[in-house]
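Those protein sequence lines, which keep their order, are chains A and B. Everything in the first sequence is counted per the working numbering, starting at 1 for the first residue and increasing by one. Everything in the second sequence is counted per the working numbering, starting at 1 for the first residue and increasing by one.
One or more of the hints may lead you astray.
As the list claims (entries may be wrong) - Cross-link-like lysine-lysine pairs, in silico, DSSO-like; alpha carbons within 27 angstroms at most:
(1) B:K13 <-> B:K122
(2) B:K85 <-> A:K237
(3) B:K63 <-> A:K237
(4) B:K128 <-> B:K81
(5) A:K237 <-> B:K82
The set of hints was computed from the structure by calculation and includes no laboratory data.
As a plain string of letters, each chain reads:
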Amino acid sequence: MYKYIIRRILVFIPMLFALTVIVFTLAQLAPGDALTGQSLADPNVDPEVYEQQREALGLNDPLPVQYWHWVSSAAQGDFGDSLVFNGRTVMDLIEARFANTLYLGLFSLFITIIVSIPIGIYSARRPYSLLDYGATGFGFLGLAIPNFFFGLIAIYFLSIQLGWFPAQGTLSSPGAAGFGSFLDRLHHMVLPGITLGLAGTATYMRYMRSEVLDVLGSDYIRTARAKGMTENSVLYKHTLRNALIPIITLMGFEIGVLLSGAVITEQVFQYPGLGTLFISSVTNRDFPVVMAIALILGVLILIGNLLADIFYSIVDPRIRYD
Amino acid sequence: MTQNPLLDVEGLKTYFYLEDNQVAKAVDGVDFYINPGETLAIVGESGSGKSITSLSIMQLINKPGKIIDGTITLEEENLLKKTGKQMSKIRGNDIAMIFQEPMTALNPVYTIGNQIMETIRKHKNVSKKEAQERAIELLRVVGFPRAEEIINEYPHQLSGGMRQRAMIAMAISCEPKLLIADEPSTALDVTIQAQILDLLAEMKERLDMAILLITHDLGVVAEYADRVLVMYGGQIVEETAVEQIFENTKHPYTTGLLDSLPSLEKDMKRLGAIKGTVPPAHSFPKGCRFSSRCPHVMERCLESNPDLNEVESNHKVRCYLYN
Numbered sequence: 001m002y003k004y005i006i007r008r009i010l011v012f013i014p015m016l017f018a019l020t021v022i023v024f025t026l027a028q029l030a031p032g033d034a035l036t037g038q039s040l041a042d043p044n045v046d047p048e049v050y051e052q053q054r055e056a057l058g059l060n061d062p063l064p065v066q067y068w069h070w071v072s073s074a075a076q077g078d079f080g081d082s083l084v085f086n087g088r089t090v091m092d093l094i095e096a097r098f099a100n101t102l103y104l105g106l107f108s109l110f111i112t113i114i115v116s117i118p119i120g121i122y123s124a125r126r127p128y129s130l131l132d133y134g135a136t137g138f139g140f141l142g143l144a145i146p147n148f149f150f151g152l153i154a155i156y157f158l159s160i161q162l163g164w165f166p167a168q169g170t171l172s173s174p175g176a177a178g179f180g181s182f183l184d185r186l187h188h189m190v191l192p193g194i195t196l197g198l199a200g201t202a203t204y205m206r207y208m209r210s211e212v213l214d215v216l217g218s219d220y221i222r223t224a225r226a227k228g229m230t231e232n233s234v235l236y237k238h239t240l241r242n243a244l245i246p247i248i249t250l251m252g253f254e255i256g257v258l259l260s261g262a263v264i265t266e267q268v269f270q271y272p273g274l275g276t277l278f279i280s281s282v283t284n285r286d287f288p289v290v291m292a293i294a295l296i297l298g299v300l301i302l303i304g305n306l307l308a309d310i311f312y313s314i315v316d317p318r319i320r321y322d
Numbered sequence: 001m002t003q004n005p006l007l008d009v010e011g012l013k014t015y016f017y018l019e020d021n022q023v024a025k026a027v028d029g030v031d032f033y034i035n036p037g038e039t040l041a042i043v044g045e046s047g048s049g050k051s052i053t054s055l056s057i058m059q060l061i062n063k064p065g066k067i068i069d070g071t072i073t074l075e076e077e078n079l080l081k082k083t084g085k086q087m088s089k090i091r092g093n094d095i096a097m098i099f100q101e102p103m104t105a106l107n108p109v110y111t112i113g114n115q116i117m118e119t120i121r122k123h124k125n126v127s128k129k130e131a132q133e134r135a136i137e138l139l140r141v142v143g144f145p146r147a148e149e150i151i152n153e154y155p156h157q158l159s160g161g162m163r164q165r166a167m168i169a170m171a172i173s174c175e176p177k178l179l180i181a182d183e184p185s186t187a188l189d190v191t192i193q194a195q196i197l198d199l200l201a202e203m204k205e206r207l208d209m210a211i212l213l214i215t216h217d218l219g220v221v222a223e224y225a226d227r228v229l230v231m232y233g234g235q236i237v238e239e240t241a242v243e244q245i246f247e248n249t250k251h252p253y254t255t256g257l258l259d260s261l262p263s264l265e266k267d268m269k270r271l272g273a274i275k276g277t278v279p280p281a282h283s284f285p286k287g288c289r290f291s292s293r294c295p296h297v298m299e300r301c302l303e304s305n306p307d308l309n310e311v312e313s314n315h316k317v318r319c320y321l322y323n
């Protein structure tokens, strides 16, 4: 078991290295740099000045040197300064947004699981029932509707027409503290959270349904019934653990999907998270920020997969001893 | 019948309601009994209804199947009148069952010990520790020398034969009165098959339980059974003591089954075979269900299905050749 986990962590290291190379290369391949970005490219400024700036910022160094500078300081948690927000470090910018995105992601995952797993189980126990058909219909709808479009519809009906939920932001009154502000935060997260989790909910529901159906038809469930287990024990002890194995794998990927999906959803809801920062940094060619966010998202996806592998080995004994 | 049977099945009908309003009569009017401590074998090809008969006794028939008629009496009590909850107290306790596929019949995510102890604790009021001791003892009885370690192992760590032993340990854990063994050795290596069947016979002696042995292997029947039922098309076609079935074969279907066995005594160039396959359970021929494959088919066989008649003492046959 421990051997397995250690092996997974060792595999993590070359992947991390590859990730930094890819992030760096992609940033280099993108046209332009911070000094040609929209907000800064002032035609009245002498190009000579820009060139001096480039030299000063190290943008003219050979690529391997630039890469080394970036990676070695990134390893110490220093992603440099933002080229657009004067004088603010990248870490500073990200820190403020990271928590927001993380809360949104976790909240969305929570909704996804709370909704999809029970409905999936119910659908499997009563296949072709009214609720099963309803869930299937909702599932296809959820997968088919793009995030941003669903977000807009949700804002129009639930926020503007009915006024149940706020349409944007994270807090009604900044600076509030205590339990009230926690509830306020949750209230603000409902619409983006549902929007973000919509596709995932549909996917999990379908997976759960087919997995539970599959397991319920298996030989060992017949054995469990043949030895007198009650339906509850058959379902919750013998079926669920087996049916959850593929769901756990899915969840590892889901972390990445949530974070990348957040880029669009946050934009729609003007939610101050990593996604909105990412988009504005891309338009401003603020590469230190772009690279840092890309790297952080990449690392989170790697961690998600690592966690999935570890949970997987806990749930399924067949994995541990390979 | 000199004594009260342990299990008495009368007029059992289990139908499957398929799409297009077709009805598959998988078990269609089956009567038999099992005496305490007796081994009764049910023989037949795939699709003859033998497994569905055994699952009907356990009431483990899944949709779209349904037991639509008959009585299944275990020690004077009609099991078909029991509620689901009452039935779950009988399964595993009074009647236990082992299956054909030991590779998939155990839950892959729980240890062998967990799965045996679960059965014991469901039916007997014992502590976890007592259940564990009992599980170890059972595993030792079914032939695991290192039983203390096996209880902590997972099914994937055991071979097919070992898993079937573990299944047997689980099945006998509450000392059932009847053990249903549905092709218990079919999926195993030939060398292991005999070991598993010998183990079953040994457990039968030890616990004085009856065994309902479902098989398609007449060799197994000859060696382990007391009486035998031959099933075809969801019905019993021949029923007699095991010696009779080999020495005094009546039904053409049974003859066909015996001819398809290799024999050392007879000088055979080719193995016999019954031509064709079992007709699907939703489209049996109009008359005798075996008529489409029977070498002795007569006109009346195509018109009506014969009854199961006792043609000699303790020997019943469903065939017009004998009445």
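Structure-based check of each hint:
A threshold of 27 angstroms between alpha carbons decides the hint, and for B:K13 with B:K122 the separation of about 30 angstroms lies outside it, so the pair is violated. Between B:K85 and A:K237 the CA atoms are separated by roughly 18 angstroms; this keeps the pair inside 27 angstroms, and the hint holds. Using a Cα cut-off of 27 angstroms, the hinted pair B:K63 and A:K237 holds, with the two alpha carbons roughly 22 angstroms apart. A hinted pair counts as satisfied when its Cα atoms are at most 27 angstroms apart, and B:K128 with B:K81 does not qualify at roughly 33 angstroms.
Proximity of A:K237 to B:K82 is assessed by CA-CA distance (about 25 angstroms); at most 27 angstroms being required, the pair is judged to hold.
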